[in-house]
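Asker: With the hints as a guide, dock the two chains, each given alone in a separate frame, to form the complex.
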Amino acid sequence: MALKKWLDRLTLLDLFDGLSVTGRHFFRKKVTIQYPEQKKIPSDRFRGMFRLDEERCIKCTLCAIECPINIIYIDWHNEKNPAGKSVKVLDRFDVDVKRCMFCQLCEEACPTVPKSIWLTTKTYEMAAYERNHALYLDIRKLTDWQAAPNVKPFTVVEQG
Amino acid sequence: MKLLTPTVLTYVKIVLLVAVVPAVVGFVIVLAERRFMGFMQDRLGPNRVGPKGALQGLADLVKLVTKEDVTPALAEKAVHFISPVLSVIPALTALAVIPFGPAVRLARHVSTPLYVTDVNIGLLFVLAITSIGVYGIILGGWSSNNKYSLLGGLRSAAQLVSYEVPMGLSLVSVLLMTRSLSLVEIVQRQERIHLWFVFPGLLAFFLYFVSGVAETNRNPFDLPEAESELVSGFNTEYSGVKFAFFFLGEYTAMIIISCVAVTVFFGGWLSPFPSVKALDFLKVIPPYLWFFGKAGFFVFCYIWFRSTFPRYRFDQLMALGWKWMLPIALANIVVVAGAILITPGSTRGLFALAWIYGGLFVAMFLLARLRRALARRDRLAAVPHGARESA
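Chains as they are written, first to last, in the working numbering: chain A, 1 to 160; chain B, 1 to 391.
Note that these hints are calculated values from the structure, not bench results.
Quantities reported herein were computed from a predicted structural model and do not represent experimental measurements.
Among the hints, erroneous ones may be present.
So the derived list for chain B, only partly shown, Cβ under 8 Å to chain A, looks like this [said to hold, decoys possible]:
hint, residue
1, Met40
2, Ser307
3, Ala368
4, Arg371
Quick reminder that beta carbons are idealized off the backbone N, C-alpha and C, glycines included.
Next comes chain B alone, as it looks inside the complex (with noise of 0.2 Å):
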């Protein structure tokens, strides 16, 4: 026992959670990728490498590790090389912070919390560490010396500044409620006054989800790399593992997001509703596990946006951040802070502020339902009435 003490914990930690997990998941949620596109385009995706593909991430990663490393002659060399590392580094090392569980027992009396460490600035952290990503893309478009990378840079540079200030001010009215910056605190505050922040925050959730699409640069809003554009931009003259490591970056930023939305939004590792006695039968599934499960439905519903949404023209992108995401999350600072301040000391506000929102989302949603009922009712309406049997 004497081998586990707190350092070597820490270590093996490090490299699970920050070098291991990301590059697992990642070869899954690439192959999750292309099989659900496929699924949702009647196909059925790669099938062929190992069963039911799942060595399809493997056969990628040797195509990507053996081809040709190619600086362009012109290139910016030194820039050039350290941008892929630039865009994949600040995304690992912001996972540390991420709180995968509690503390789990690993021996009789060695237990140890499934985080690397808990900082007590994490959320700031994230933000941080996640915006030094962005110098990858941008440095990476400017050094290859080709046009359109420049072209995919530049707009990056863009729309990542745009999208962090909604998304920073979404952030800002769930930080009210939590009162603390750190994950894990944020994730125990959830526990304790037995509310999920997305229920007073479902605006806030919504902006933020929708900034961190803008942020890792993913359909709808992949101008930086716009594949029918700018010859998929920024990394144009990158091949072989520069290449590879520009997507681990991207995937990995996905996974921050997922993650950070679970910590914020839907109660990290706790189960649904911890509070309720009759659910207590959720607890049977550990509570990383419960993690990993909502973070994953995220993960799925950028594949899914992928599959659904088409690219937005750049002057739309432009007018979604500024014009209409920026204006509603500073009006939601005002509500939950409002929420917050006629109930001093109590989390009553929030509570209202939860019934509120909900309230407006199933309004949204039976309207919604009324105004298709509507479509269908014109479009019935539109057709003669002997062809009606068989329309």
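Here chain A stands alone, though its shape is the one from the complex (with noise of 0.2 Å):
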């Protein structure tokens, strides 16, 4: 043992160990994503910027009782439709998305199939200058990515 320590010191390994580590990432494929030229492309699980099917969703309001900090509100009436039978409407379906910390429970808690509310969108370019009016949504913005134009939609750019 002893000796093997000996040796050791002798030839320096240690040293030349590191360099020879250092050396080889000097020329290792770098992990470095140009951002706006080239842009990640997240996974499949990925939760990003809301989405909402307003003819899916069924209004039973679950998604807000879901919501650990209740940012989701909801408002609606009941109105006849044109073969006499009553069903809900939508007055307000908004997201205060400022607030939201993407914990996907609400989609979780949606009971349509597919799910009506969903977060796995890939969007995550939501930087915005101001926040209660670029990060509050509303239905319209939530239905349309041309409402939202503080948000760019996510599009798959070639990584490099």
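Answerer: Here's what the structure looks like:
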């Protein structure tokens, strides 16, 4: 054992091992993604910006109930449809995204198949200069990318 | 042709080699350091300013120059002002005697060697002048009136004094072979005896380069700056141009250590094995490019060391300097002197020494391989038998 240690010291094994590690990494492929030009493709379970499908939504408000910080605001009223049947119509479906922690509990609570509210849009470019308007999504912004001008919808850009 | 008198040429060379080259090379080294360290950490490093980040140094300079020049209220004003200059000027002065190349022809009857002057005590001059640069660091740390800066200055004082000794002694063993202190003469002698001094002076070179790294306060011996311990030590209270001066001083010192290593050990401007006819095609590359290439490799080694080795503790630093490098350097002098004495008037002793050191080097390399193979066997034996496939 002592001989081994002495050998290690004499041959400066640790120093040259260290140098060879950094030397190898010098030529290795770099992990940096040049952000504005190249974009990272999030995985399929990535939680991004909200989307809502008003057609599928049954106005059960389970998502608002499940939300741990109560940032989903839903108002609705009853209306008679042409067939004379009473249906719920949304007055308001707002998500205060600036406070959202993207826990996805609302999506899990949604009883419809497929989900009416979901976060797996992969959209992550949501930087805004002003949070109270830009990051406060009403039903129009929730259903239409064009209506939410601050949010850039996810587009796949080849990663180099 | 009247214009290119020797006096004018000397002034031009002073401006070019002592002022322009360090500034330009400094930019290149700063960029290279940041990019190469990035590469070694699997990053890209700065690549936004200019093509591949080539103008990063310029951007850094503009940032430093436009910064406010702060002097602490209780600082020793005059000393605080003078110490960055003290660290730059000696470093630049030492460049004057470094021979970058032999005579080059500028016009039909005008040729000039690529060094400002050839002093017959060149090596001594470099050592003496670069030692003055230490005052810049020590006085800068003291005059800032800041305990961390003072600690940095103190460490620097102890470290630089300690490592001057093995550095000087390792060069002494080479002086036994060169028989001259003139840097030009040293290169010419290597050409004459067909032997780079690195081969008989392998140990001396190793000692020289390690103490050179310590002399320039670079990792793993960067205790005077020690960013994580002393909030960058002696230069904490410096900003703007003064800080840039310290920076330039450090990088010029790196260049000088590399240049002296090339000149003394690696044949200066000579191509590899200039006496071997088969390697004559290497002489297509001009001598000064050989010089810059070799020096560049050592600067790269500086960067490599920086991104590899963790910092020494202060007592370890002192122990390494006094208990290991000093005795080895002394023993090396005895060995080299013996090799020269047993074959008076010929270089056979040096060649024998070169073979012995080369053999030892190869033996150590093989030992290291053996040791690594043994370690690998132990590691594999420690893995349970079933898990070996996945491991």
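Asker: Quick check on the hint: Arg371(B) CB to chain A CB, less than 8 Å?
Answerer: OK, holds: Arg371(B) within 8 Å of chain A, min 5 Å.
Asker: Can Ala368(B) be said to touch chain A, with a Cβ gap under 8 Å?
Answerer: 4 Å, holds
Asker: Given Ser307(B) as an interface hint, is its Cβ closer than 8 Å to any Cβ of chain A?
Answerer: 5 Å, holds
Asker: Take the shortest C-beta to C-beta distance between Met40(B) and chain A; is it under 8 Å?
Answerer: Given a least distance of 4 Å, the restraint on Met40(B) holds.
Checked against the numbered hints above, the structure violates none of them.
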